[in-house]
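Each chain is listed here by its residues.
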Amino acid sequence: MKILRVMRGFIRQGIQVKTTYGMAYAMRLVNVFVKMVAFYVLWSVLYESAPGAFPVSQVEMVTYGAVSVMLGEFIQWWDGPHFYIITQIRRGTITSDLVRPVYFPFQVFSRCLGESLAEFITVVFPAALVAYLVLPISLPATLTQGLYFALSLVQSYLILFGLNCLVGFIGFYTLSLRGIQHAYHGLIMLLSGAWVPLWFFPSWLRQVAEVLPFRGLFFTPLSIYIGELQGQSIAGTLLSQTVWIVILLLGVGLAWRVVHSRLVVQGG
Amino acid sequence: MAIVEVRDLVKIFRVRKRGTGPLGFLRRKTREVHAVDGISFDVEEGEIVGYIGPNGAGKSTTVKCLTGILVPTSGVVTVGGLVPWRDRIKNGRQIGVVFGQKTSLWWDVPVIDTYRLLRDIYDVPEPVFRRNLGLLDDILGLKEFQDTPVRQLSLGQRVRADLGAVMLHNPRFLFLDEPTIGLDVAAKERLRVFIANMNAATRVTVFLTTHDMSEIERLCRRIMIIDRGRLVYSGSISDAIQKYAPCSDVVVELAETPSGPVVVEGGEVVRQEGARYWIRFRRDQTTAGHLVGQLMAKYPVKDFRVDDPNVEQIVKTVYGALAPVEEAPK
Amino acid sequence: MSKVRNLRHYWRFVRIGFASQAQYGVDFFIGAFGVVLLNLVDLVLLGVLLQRFTAIGGWNIWEIVFLFSFYLAAMGLQNIFTVHLGQIEAYVQDGTLDQFLVRPSSPLIQLMGREINHGNITHVVTGVAGIVVAYGRLGLHWTFAEGVLAVVLLVCGALVLVGLVLGLCSLAFWTIRSREFLYGTLQIQEVVQHYPVHIFGRWFQVLVTGVLPFAFINYYPTLVLLGRTGEAMHPLLPWLSPLAGVLVLLGGIAVWKLGLSRYQSTGS
Chain A
2 MKILRVMRGF
12 IRQGIQVKTT
22 YGMAYAMRLV
32 NVFVKMVAFY
42 VLWSVLYESA
52 PGAFPVSQVE
62 MVTYGAVSVM
72 LGEFIQWWDG
82 PHFYIITQIR
92 RGTITSDLVR
102 PVYFPFQVFS
112 RCLGESLAEF
122 ITVVFPAALV
132 AYLVLPISLP
142 ATLTQGLYFA
152 LSLVQSYLIL
162 FGLNCLVGFI
172 GFYTLSLRGI
182 QHAYHGLIML
192 LSGAWVPLWF
202 FPSWLRQVAE
212 VLPFRGLFFT
222 PLSIYIGELQ
232 GQSIAGTLLS
242 QTVWIVILLL
252 GVGLAWRVVH
262 SRLVVQGG
Chain B
7 MAIVEVRDLV
17 KIFRVRKRGT
27 GPLGFLRRKT
37 REVHAVDGIS
47 FDVEEGEIVG
57 YIGPNGAGKS
67 TTVKCLTGIL
77 VPTSGVVTVG
87 GLVPWRDRIK
97 NGRQIGVVFG
107 QKTSLWWDVP
117 VIDTYRLLRD
127 IYDVPEPVFR
137 RNLGLLDDIL
147 GLKEFQDTPV
157 RQLSLGQRVR
167 ADLGAVMLHN
177 PRFLFLDEPT
187 IGLDVAAKER
197 LRVFIANMNA
207 ATRVTVFLTT
217 HDMSEIERLC
227 RRIMIIDRGR
237 LVYSGSISDA
247 IQKYAPCSDV
257 VVELAETPSG
267 PVVVEGGEVV
277 RQEGARYWIR
287 FRRDQTTAGH
297 LVGQLMAKYP
307 VKDFRVDDPN
317 VEQIVKTVYG
327 ALAPVEEAPK
Chain C
4 MSKVRNLRHY
14 WRFVRIGFAS
24 QAQYGVDFFI
34 GAFGVVLLNL
44 VDLVLLGVLL
54 QRFTAIGGWN
64 IWEIVFLFSF
74 YLAAMGLQNI
84 FTVHLGQIEA
94 YVQDGTLDQF
104 LVRPSSPLIQ
114 LMGREINHGN
124 ITHVVTGVAG
134 IVVAYGRLGL
144 HWTFAEGVLA
154 VVLLVCGALV
164 LVGLVLGLCS
174 LAFWTIRSRE
184 FLYGTLQIQE
194 VVQHYPVHIF
204 GRWFQVLVTG
214 VLPFAFINYY
224 PTLVLLGRTG
234 EAMHPLLPWL
244 SPLAGVLVLL
254 GGIAVWKLGL
264 SRYQSTGS
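Chains as they are written, first to last, in our numbering: chain A, 2 to 269; chain B, 7 to 336; chain C, 4 to 271.
Treat the hints with care, as some may be off.
[As the list claims (entries may be wrong)] Once the Cα atoms are required to be at most 20 Å apart in a straight line, the calculated SDA-like pairs of lysine to any residue come out as:
#, chain 1, residue 1, chain 2, residue 2
1, B, K23, C, R117
2, B, K149, B, K96
3, B, K322, B, R196
4, B, K322, B, S244
5, A, K19, A, R9
6, B, K35, A, G237
7, B, K194, B, D144
8, B, K108, C, Q96
9, C, K260, B, R94
10, B, K308, B, G266
11, B, K304, B, S244
12, B, K304, B, R282
13, B, K23, C, A257
14, B, K23, A, A25
15, B, K249, B, E262
16, B, K96, C, T178
17, A, K19, C, G187
18, C, K6, B, R99
19, B, K96, C, L152
20, C, K260, C, D30
21, C, K6, C, A257
22, B, K23, C, F84
23, B, K249, B, D190
24, B, K23, A, R112
25, B, K108, C, F84
26, B, K108, B, R196
27, A, K19, C, Y186
28, B, K35, C, T178
29, B, K23, A, T20
30, B, K108, C, A257
31, B, K96, C, H12
32, C, K6, C, V249
33, C, K260, C, F84
34, C, K260, C, V249
35, C, K260, C, V154
36, B, K96, C, H87
37, A, K3, A, R112
[Claimed, not checked] Examples of chain B residues toward chain C, derived with CB under 7 Å:
#, residue
38, V115
39, I118
40, V191
Bear in mind the hints are in silico, worked out from the structure with no lab data behind them.
Backbone N, C-alpha and C define an ideal beta-carbon position, used for all residues, glycine too.
Pulled out of the complex, with its shape left as it was, chain A reads as follows:
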């Protein structure tokens, strides 16, 4: 299948780029590990000071933190489609992407997926291995829980892709991401549950977060992983992720149609 071949190409490229410079590679591993340890210490300290404030056990909380770091490194939410699109426009090389007989959003997707998988192989997997050996973190309780986690992870990736793509297309008009980028990243930091799980939020903030797609990025998969979400509620959250995916991907398709026609008319 041609798609798999293309994907393999992107993955290989990604791996090469990431490991060519041994020092850079080692530093990234160190950084990821430091981040995990930092979360571990932070949550341990907080847990010991007030165990009653947590709806989960200490192990589960620490696991949330560590897996959050790994998840973040994997989906690379601060980088991705939007920057790729903008760079291509700026450089003018977007024309070569458009000439290929592949649907543009899909090109972007496979490229980013290749990067992420390369990242997983080179950084996330080794870091996870070390983390499991060194820190007191756990795996999903049952196989089914693990499968639900995997599913929500896939959906989280798709949601992020949709969001980033839309932001990238906005960049078509502004030719720069600077203003939106900060606000966008701020929203993700705040509402995705990457750092502070949503159960700590004051109720009004929690309600806002529930309505937006960002919690599907981190909070949903992580809650499933540590078992804070069980049984029936899982179905509901997974469904809400799917709904967002549909909305966002439709949005991407629409936006692309508009942008494409504009590009064709105006040139680079």
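Given chain A, work out where chains B and C should sit, using these hints.
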């Protein structure tokens, strides 16, 4: 009296190459490269010297040792009585360096602002600065763009601005490292005129490394040829021509091709295209006139010209006479 | 090479720098907006946490805000002047460094003077604002002397960072990927900025005090200014902050000089 003295200059680099494979950065091979392998020469004040050689011959390394950028492995270098790398600050005041394609000016600010900054760095007194500025404006036409930020200048203007910048402090020595790369013919000519004028007006000693033969021929009375770290030739251009390209060609076109080979005393046919013949002769053995006379007596000569060798041919001979230089794989 | 002359040159660079960064306008404000926003989000998250936990390692929210803002201001101050040091790596490789060496002026001053980043004034202002707010909320009352002390400690904190950045960037003289070392400390910097380091255990405290002295940027000065010097490994340690600033700066300059002399004997 020589103002630049170089004795047995040696510069050895240790080059480390990565091993292959993913863990290549752990396995490394080291080897020594003798970039400059015992060079000695003198330069007199006010000379314009051309320094030529194939890529990787050690030209840049020599210049870097002369300007204080590199510390030699061994050998003695004095420029205007100073040791460049040891007296870096003092030496800096008496030299000006132009590096090929790279500008030494601030990118976003008007040229004149960079000039004022350089005035401070080089401690040029204000009246001297103003006078030099006027002089440079006459030669380079600076007023035309001196208030424009450098990034908005055309290549030709930028080169002029760089030249102005390097002369503001009346350096005794001017080092030009491949200054004409990427320039059009008009700009190259302007550069040549500039160097000649500056040399005439201020007796600045010029050290020019270049691949451009027309510059060498028109500017330098003396050239030095360096190959793989060694000085192969040092002397005047005319002597070099005599040594390395002692032959000239008489190119003659005949009205009709003769039945047999073209034979002429003192010359040898080296090439033929239809009715046109290249006849090579040694200038110290006979003259073009003698050959042409013979040809016109024996054959129906329609047209002729004389091709004398130029610097490019010398260089090709020199490069060719030595073992082939390794070309960097692209 | 007279120091006064160096300073005069640098002053002229600064003036040129002002002229060259004449893009005050939309671009600047977008950047400023981003800085303020992202730091605010950071602090909001910390606030959410501290709503439930009242204290991290014994520090309440406003003390954390003080700690965080102090780092922000010092970092902003440092960045204004040292932003161009990141170019050392590029200049070493493409030979631009040579231009600095043929002029009768300190190459370091020329390098730093090449680019002055006024944009970072936003970080300084935001940081100072945070300090002021925390000052009010904590009910502090400084005497004039204490106010001067605060400014001195802030400047010295910036000096520590300048020295560290200079030292790490100077590694470009030895290895191609020096940037990666600087990047490698990013996570540690983040940790030091957000949390009082004593919660991370003794070995970490030693790391950020003796090896990579980031703690002298905000942690120790904050201990002094909030009267918590007893929490340090040794109560006199926080008072060494000004000395640390000078020493780290000199250390950074020493690494630079060493690297430069290596460049001059081995080329690039």
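Verification of the hints:
no., hint, in the structure
1, B:K23 / C:R117, "33 Å, violated"
2, B:K149 / B:K96, "31 Å, violated"
3, B:K322 / B:R196, "27 Å, violated"
4, B:K322 / B:S244, "16 Å, holds"
5, A:K19 / A:R9, "15 Å, holds"
6, B:K35 / A:G237, "60 Å, violated"
7, B:K194 / B:D144, "18 Å, holds"
8, B:K108 / C:Q96, "13 Å, holds"
9, C:K260 / B:R94, "14 Å, holds"
10, B:K308 / B:G266, "18 Å, holds"
11, B:K304 / B:S244, "33 Å, violated"
12, B:K304 / B:R282, "15 Å, holds"
13, B:K23 / C:A257, "28 Å, violated"
14, B:K23 / A:A25, "18 Å, holds"
15, B:K249 / B:E262, "36 Å, violated"
16, B:K96 / C:T178, "31 Å, violated"
17, A:K19 / C:G187, "15 Å, holds"
18, C:K6 / B:R99, "17 Å, holds"
19, B:K96 / C:L152, "42 Å, violated"
20, C:K260 / C:D30, "37 Å, violated"
21, C:K6 / C:A257, "16 Å, holds"
22, B:K23 / C:F84, "36 Å, violated"
23, B:K249 / B:D190, "32 Å, violated"
24, B:K23 / A:R112, "32 Å, violated"
25, B:K108 / C:F84, "24 Å, violated"
26, B:K108 / B:R196, "18 Å, holds"
27, A:K19 / C:Y186, "15 Å, holds"
28, B:K35 / C:T178, "16 Å, holds"
29, B:K23 / A:T20, "18 Å, holds"
30, B:K108 / C:A257, "29 Å, violated"
31, B:K96 / C:H12, "16 Å, holds"
32, C:K6 / C:V249, "16 Å, holds"
33, C:K260 / C:F84, "19 Å, holds"
34, C:K260 / C:V249, "16 Å, holds"
35, C:K260 / C:V154, "29 Å, violated"
36, B:K96 / C:H87, "26 Å, violated"
37, A:K3 / A:R112, "14 Å, holds"
38, V115, "5 Å, holds"
39, I118, "11 Å, violated"
40, V191, "27 Å, violated"
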